[in-house]
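Asker: Those protein sequences? They're chains G and X, same order as listed. The working numbering puts the first residue of the first sequence at 1, with every later residue one more than the last. The working numbering puts the first residue of the second sequence at 1, with every later residue one more than the last.
Calculated directly from the structure, the hints in this document are not laboratory data. Since we're looking at a predicted model, the values are computed, not measured. A virtual CB, placed ideally from N, CA and C, is assigned to each residue, including glycine. Heads up, some of the hints might be wrong.
Partial chain G-side listing against chain X, Cβ under 7 Å, derived [as the list claims (entries may be wrong)]: (1) Arg108; (2) Tyr113; (3) Met116; (4) Ile157; (5) Leu160; (6) Ile292.
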Amino acid sequence: MNAINKRVAADVLVWILLLTMPYWLNGLGGYTSLGSRVLVLALAAMSLNFLLGFTGVLSFGHAAYFGLGAYGAGMTIKYLVPSTLTGIAVGVIVGTTAAAIIGTLIVRLRGIYFAMVTIAFGQVFYYIAFRWNSVTGGDDGLSGWQRLPIDLGFTRIDILGNDKAFYYLVLVCFAIAVAIMAALLRSPFGRTLLAIRENERRARFLGIPVDRHIWFSWLISCVFVSLAGALYALLNNFADPHNLRWDQSGDFVIMAVLGGMRSFWGPLIGAAIFVVLQDYVSSQTDNWMSFIGLFFVLVVLFFPRGVLGLVRRSAPS
Amino acid sequence: MTQLILFNVFNGLIIGAFYALMALGLSLILNLSGVINFAHGGFLAIGGYLAFTLIPYVGFWGALALAPVLTAIIGILVERVLIRRLYGRDPLYSLLLTFGLAFIFEDGTRYIWGPQTLPFSVPDYLASPLSSDYFFLTGYRLFMVVLVAVAVTALFLLLTYTRLGARIRAGTLDLETVSVLGVNVRILRNLNFGLGIYLAGLAGVLAAGMLGLQPTIGSDLIMPSFVAIIIGGLGSLPGTLLGGLLIGVASGVVTVFYPSASEAVIYIMMGLVLLVRPRGLLGEEGRF
Chain G
1 MNAINKRVAA DVLVWILLLT MPYWLNGLGG YTSLGSRVLV LALAAMSLNF LLGFTGVLSF
61 GHAAYFGLGA YGAGMTIKYL VPSTLTGIAV GVIVGTTAAA IIGTLIVRLR GIYFAMVTIA
121 FGQVFYYIAF RWNSVTGGDD GLSGWQRLPI DLGFTRIDIL GNDKAFYYLV LVCFAIAVAI
181 MAALLRSPFG RTLLAIRENE RRARFLGIPV DRHIWFSWLI SCVFVSLAGA LYALLNNFAD
241 PHNLRWDQSG DFVIMAVLGG MRSFWGPLIG AAIFVVLQDY VSSQTDNWMS FIGLFFVLVV
301 LFFPRGVLGL VRRSAPS
Chain X
1 MTQLILFNVF NGLIIGAFYA LMALGLSLIL NLSGVINFAH GGFLAIGGYL AFTLIPYVGF
61 WGALALAPVL TAIIGILVER VLIRRLYGRD PLYSLLLTFG LAFIFEDGTR YIWGPQTLPF
121 SVPDYLASPL SSDYFFLTGY RLFMVVLVAV AVTALFLLLT YTRLGARIRA GTLDLETVSV
181 LGVNVRILRN LNFGLGIYLA GLAGVLAAGM LGLQPTIGSD LIMPSFVAII IGGLGSLPGT
241 LLGGLLIGVA SGVVTVFYPS ASEAVIYIMM GLVLLVRPRG LLGEEGRF
């Protein structure tokens with residue numbers, strides 16, 4: 001089998017697994033909303049990886065835009081319009097706008113400097129959500145709202161009462177986002193991003209406007225991360241200030257690394273492993289933070305190339 | 001009103017001195033090893049808790065002397081066993097590793113010493129106010145400012161006049177050349193890491209005396225230290241010091257007028273600095 005056939009086969013396999021997930025997950029001891037959680041966080045991790053793995057820019061503050069998406073969606077539904085789709089749209093717009101402004105400030109920075117600044121900027125939104133009690137609910141999070149059935153005119157989809165229906169809504173959003181990202185990566189724009197990742201100086205000398213490309217890559221990544229955030233809030237019927245904090249950003253990065261940063265589907269695998277592990281460990285012990293921390297350390301020391309990186313290296317190609 | 005502003009400016013100065021102490025340690029490690037030490041806050045907490053445990057045996061002064069040294073030893077071991085393996089790799093990995101360590105430290109302190117806030121007693125003669133008009137001017141606060149000033153002066157003297165300091169400064173500029181000149185870079189980085197962690201431990205003991213001890217004390221203090229480094233300019237220790245004091249005073253002043261923005265203001269300052277001067281106030285052009 002040649003490489004292209006293999007990739008198509010992998011894509012088909014992934015989509016079949018995702019499409020049928022609600023039907024086999026329960027048999028394995030999971031539950032449908034766990035599947036939705038995996039999918040949402042995988043979307044966030046894959047969006048981050050667009051920047052991290054395919055542009056080579058280290059952002060450690062993506063939780064900010066994830067959280068803005070969540071609060072945007074939640075606050076829209078709670079205060080403005082009782083409509084799920086409007087909530088998602090507003091969440092994405094809010095997250096993207098913030099990302100566009102901050103991206104402009106930081107696009108000239110590189111490497112660890114970029115990472116530090118993204119971390120620090122992420123905290124602004126955390127403090128806003130944390131302190132602005134009357135609107136955001138402060139430390140308790142934004143509750144007292146819920147996702148609402150979607151009215152398509154000819155039919156109503158009950159995403160609130162029916163977990164499976166919500167799963168498929170998430171899957172549709174996921175599919176659209178992933179398809180766009182895959183298409184972008186195959187386009188000349190995506191190839192240019194890879195060139196910047198491999199050798200920024202050379203790319204610059206070839207006349208590529210590097211800063212502008214990085215800014216767009218950052219923005220695209222943040223668009224989909226805020227989409228993931230909006231979906232996450234809908235999943236929980238709740239927006240949590242801790243979604244905005246730096247520990248959440250770290251979770252996204254570890255998902256991408258764990259699955260394999262260099263591969264397109266890597267973060268999906270990383271997210272699945274991470275979510276299942278977190279779900280299990282936090283039900284078993286109060287000291288789950290130590291286990292997650294230990295997990296970070298072990299992944300860095302022994303799986304720096306991620307699961308897919310490991311598979312790829314051992315398979316003769 | 002004047003008194004209130006004065007109080008908050010002074011308070012901000014103290015907090016800023018803290019941030020500076022912590023940020024200087026972070027900065028030392030960042031400059032020489034290229035590692036963003038997320039676990040710095042965890043080391044700070046360890047310093048505070050160790051002091052808490054030591055006080056019944058050796059008293060406040062003994063704990064103040066011993067706890068930071070013990071913390072530094074833990075730091076040196078951590079560098080030796082874990083962080084050293086990641087030098088020369090993508091900074092992403094050391095970031096993730098120290099991130100995991102931060103989790104372990106926070107949870108570990110909670111596990112050992114409990115989640116509740118522990119009272120941390122300082123000697124009575126330090127805790128009493130010095131003047132009835134300026135009630136906020138307790139001896140402890142003044143003592144902290146003096147101690148931080150001494151520590152910072154000692155650090156700069158060390159870096160300027162000792163052989164180790166000269167090597168650290170040289171290594172910051174060009175580690176490869178320093179290595180070629182026959183300096184054992186592994187040991188240099190190891191000691192430098194210990195030095196940074198010593199400052200974190202010291203900040204931990206001082207913080208415990210002012211804020212009380214709780215497991216999240218480290219993660220609450222680390223973000224402002226990042227901001228201090230960025231505002232001051234990466235690669236510049238005087239810049240870090242300046243950045244720490246600036247954000248401390250700024251958040252102190254803002255507390256007077258608009259308390260709920262006291263945290264956000266430092267990030268706004270950071271945004272402004274990045275907009276006008278991306279390398280930071282005292283940062284060198286083109287280093288990062």
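Asker: If you check each hint against the structure, which ones fail?
Answerer: When the structure is compared with the hints, numbers 4 and 5 turn out to be violated.
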